[in-house]
Amino acid sequence: KNEVEQSPQNLTAQEGEFITINCSYSVGISALHWLQQHPGGGIVSLFMLSSGKKKHGRLIATINIQEKHSSLHITASHPRDSAVYICAVRSSGGGADGLTFGKGTHLIIQP
Amino acid sequence: DAGVTQSPTHLIKTRGQQVTLRCSPKSGHDTVSWYQQALGQGPQFIFQYYEEEERQRGNFPDRFSGHQFPNYSSELNVNALLLGDSALYLCASSLGWGIGGYTFGSGTRLTVV
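Residue numbers (this note's numbering), protein chains in the order written: chain X, 1 to 111; chain E, 1 to 113.
No lab work stands behind these hints, which were simulated from the structure alone.
For every residue, glycine included, the Cβ atom is placed at its ideal position computed from N, Cα and C.
Some clues are possibly wrong.
Here are the simulated DSSO-like pairs of lysine-lysine, each with C-alpha atoms no more than 27 Å apart in a straight line [to be verified]: (1) K26(E) x K54(X); (2) K26(E) x K55(X); (3) K53(X) x K68(X); (4) K68(X) x K103(X); (5) K26(E) x K103(X); (6) K54(X) x K103(X); (7) K54(X) x K68(X); (8) K55(X) x K103(X); (9) K53(X) x K103(X).
Rough simulated footprint, nothing fancy, chain X against chain E, three-plus residues with beta-carbon under 8 Å [to be verified]: (10) 34-44; (11) 48-62; (12) 90-101.
Computed beta-carbon distance windows for the label pairs [stated by the list, open to error]: (13) I108(X) x T111(E): 19 to 29 Å; (14) G16(X) x H67(E): 48 to 58 Å; (15) H38(X) x L95(E): 23 to 33 Å.
Can you make the complete structure from the sequences, with help from the hints?
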């Protein structure tokens, strides 16, 4: 079982719909990242969370540390939001641990 | 302000050859992490460099090695290439332990034939 699980793996929605992507993890973490990857491969960091909720434009990220769960929401979705969204965690085990990534959620927003 | 720069963007190598990938971190960052992303998978942590030393390593064989230079730029070397090494190699930079977050490069697409 992967340490970071995302759902759904694939999501197709219509423009304007409210989108939710979920991430569950099994280890203690010091931070959780939501990342966006476009077909060219480059990754953009959207959020870094250790508690609570963050909002940036139409994007909202929440985390529940007790339940080891985070969600990424997109309001008023647009075709330009089409990308792979990746959840990644940095464990709290100490040391310079690299990030552990989920497999990503492939989102397609149709006009 | 330049972000993370990786070179080359694409590379084709023959099985058994050696390859060197390069990464320049974001200005102000001193730590470089390398990741391998196979097609359809999430990135996997290879190793992290800080103060010119390998500070942490993921589950990758010794064929994967690296280096960090005094200007914080880094190289990833892979020896004796296998077909399974074909992947997107991502570099991420951060300041220290990454408490302030990470900045990712666009990656190097390596194809081994």
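Structure-based check of each hint:
1. K26(E) x K54(X): At roughly 24 Å apart (the allowed maximum being 27 Å), K54(X) and K26(E) satisfy the hint.
2. K26(E) x K55(X): holds (24 Å)
3. K53(X) x K68(X): holds (14 Å)
4. K68(X) x K103(X): holds (17 Å)
5. K26(E) x K103(X): holds (25 Å)
6. K54(X) x K103(X): holds (22 Å)
7. K54(X) x K68(X): Since the Cα atoms of K54(X) and K68(X) sit roughly 17 Å apart, the hinted pair holds (cutoff 27 Å).
8. K55(X) x K103(X): Since the Cα atoms of K55(X) and K103(X) sit roughly 23 Å apart, the hinted pair holds (cutoff 27 Å).
9. K53(X) x K103(X): holds (23 Å)
10. 34-44: Per the Cβ count (7), the hint holds.
11. 48-62: holds (count 5)
12. 90-101: Satisfied; 6 residues make the cut.
13. I108(X) x T111(E): 19 to 29 Å: The hint (19 to 29 Å, Cβ to Cβ) holds, given that I108(X) and T111(E) are roughly 26 Å apart.
14. G16(X) x H67(E): 48 to 58 Å: Holds, at about 49 Å.
15. H38(X) x L95(E): 23 to 33 Å: 25 Å Cβ-Cβ, so the 23 to 33 Å window holds.
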